[in-house]
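Q: Listed below, chain by chain, are the residues.
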Amino acid sequence: MTRAVSILVALWLLPAAALAQPAALGLGRRLGDPARTAPTSSAEEEEEPSDDEGPWAGPQIQMSYAYSKLSDAYGGGDTHLAAFEVFVQWPLSELRTSVLAEAGGRDYALGGDDFVFRAGVGIGFQLTELIDPLVPHISVIATGGAVVGQRFDTSVVYGFGGAGLELGAELRVVRNLHLAASFSYLRLEMDGAAFDLFEVRVGFGL
Amino acid sequence: MTLADPANASQSPPVNRALRVLFIASLVVSCAPSGDDPLSRLDTWEAPTGDYRIRYLAPPWAIIEEDLDGARFQIESTLMASGRIDGGVGKYELQTSRVPRSVEAEMDREVRASRGVAGRSIEEGPRAITTHEGIEGLELITFDVPDPFERYRRVVLFPLGASQTLRLDFDATPDLDSDEVTEMIRLVGIGPAS
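Protein chains in written order, with this note's numbering: chain A, -5 to 200; chain B, 312 to 505.
In case anyone wonders, no lab produced these hints; they're calculated from the structure.
Please read all numbers here as calculations on a predicted model, not as lab measurements.
We treat Cβ as the ideally placed atom computed from N, Cα and C, and that holds for glycine.
Just so you know, not all the hints are guaranteed correct.
Stated by the list, open to error - Covered by chain B, according to a simulated footprint, are these stretches of chain A (three or more residues, beta-carbon under 8 Å):
# : stretch
1 : 65 to 75
2 : 103 to 109
3 : 183 to 189
Said to hold, decoys possible - Far from chain A, by Cβ distances over 10 Å, these chain B residues were calculated:
#  : residue
4  : Ser345
5  : Asp348
6  : Ser351
7  : Ala358
8  : Gly361
9  : Pro370
10 : Pro411
11 : Arg423
12 : Ser432
13 : Gln475
To be verified - Computed beta-carbon distance windows for the label pairs:
#  : chain 1 : residue 1 : chain 2 : residue 2 : range
14 : B       : Pro370    : A       : Leu165    : 40 to 48 Å
15 : A       : Ala76     : B       : Thr441    : 17 to 25 Å
16 : B       : Val326    : A       : Glu123    : 56 to 64 Å
17 : A       : Glu123    : B       : Ala373    : 19 to 27 Å
18 : A       : Phe192    : B       : Glu415    : 22 to 30 Å
19 : B       : Ala473    : A       : Tyr61     : 14 to 22 Å
20 : B       : Glu377    : A       : Tyr68     : 25 to 33 Å
With the sequences and hints as input, model every part of the structure.
A: And the structure:
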């Protein structure tokens, strides 16, 4: 009877001992020195190498939505574009270079919407360390593209080109994932007329 | 500079050429008329007499022929543009002319004539239309049933002075009661150019 009670008590205590073992077993116990205890879990985390250390080198790719008003001279011209931008990484992280492609629609007041495509390159300067994780930038933009639409039920294509300046910033959320916003002014020439284009862009990237 | 001298990038011909092109391009862009002005994108044909002018988007519009009284403008049909037929009626046609009657008398004559044409129905008008310069006129839109194909007609009349009337005869397959055509009519200039 005494033996049976001993077995029951042992079975009851076994799960509790198994649960308690990881906390009780320390590094020294595992190495054969019961006096030494393992570092706490928070200390283990601190010792793990972290790739978040150091300043962020800036964005690599971005996807964004852009709004501008490319006037059609009749009150329309609201332009909504989806943009994709790829950044070239340099050893000097303050140097910011990128290639941009945008496509979307433009409201034409006297008819159906136009299709707009725009490509551009940007060269500028970005502050990667000063107020990390916020990376502001200023870039010079050279751009070109086309407006494809219908005028008097006939397809027309108008090419345009120009240059301008972009101001913006990225806010790093985690690792390379970041939010981005920018504002740019472009002076464009299309079909013999000049256009002042102000574009607002918001997006995210890696 | 000898071959032993280090190259100076700012003096190399390609860089100088690129800077010149950039400078000229910036001048061209800065001197171009603002795209906010509708006239910046339009061509202007002025009557030889100087008393009216047509502002049109080219392309797609093109002048086919002109004389002292007026001109004929056209937008090619798809068949014409693709080269499958040469000549013929365009997708859009505009003939300008001068008639020795008042606007009201000419419109009365036009309405009577339209009612007398078999297969032609009056879609809109006569109704008033005013140019951006404030000149008031009258217009009539009619529709011809297919014979051999459907065509819309839009006749617009503006006073030219001295009992003369400017007559614009639009003729097209697409509906002519559109914002684009209306805007083209409202951009017509009447009187001596300012």
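Q: All the hints need checking, so say for each whether the structure fits it.
A: Each hint tested on the structure:
no., hint, verdict
1, 65 to 75, "holds (count 3)"
2, 103 to 109, "holds (count 3)"
3, 183 to 189, "holds (count 7)"
4, Ser345, "violated (6 Å)"
5, Asp348, "violated (6 Å)"
6, Ser351, "violated (4 Å)"
7, Ala358, "holds (22 Å)"
8, Gly361, "holds (24 Å)"
9, Pro370, "violated (6 Å)"
10, Pro411, "holds (31 Å)"
11, Arg423, "holds (30 Å)"
12, Ser432, "holds (22 Å)"
13, Gln475, "holds (28 Å)"
14, B:Pro370 to A:Leu165: 40 to 48 Å, "holds (47 Å)"
15, A:Ala76 to B:Thr441: 17 to 25 Å, "violated (41 Å)"
16, B:Val326 to A:Glu123: 56 to 64 Å, "violated (33 Å)"
17, A:Glu123 to B:Ala373: 19 to 27 Å, "violated (60 Å)"
18, A:Phe192 to B:Glu415: 22 to 30 Å, "violated (49 Å)"
19, B:Ala473 to A:Tyr61: 14 to 22 Å, "violated (52 Å)"
20, B:Glu377 to A:Tyr68: 25 to 33 Å, "holds (27 Å)"
In this structure, the hints that do not hold are numbers 4, 5, 6, 9, 15, 16, 17, 18, 19, in rising order.
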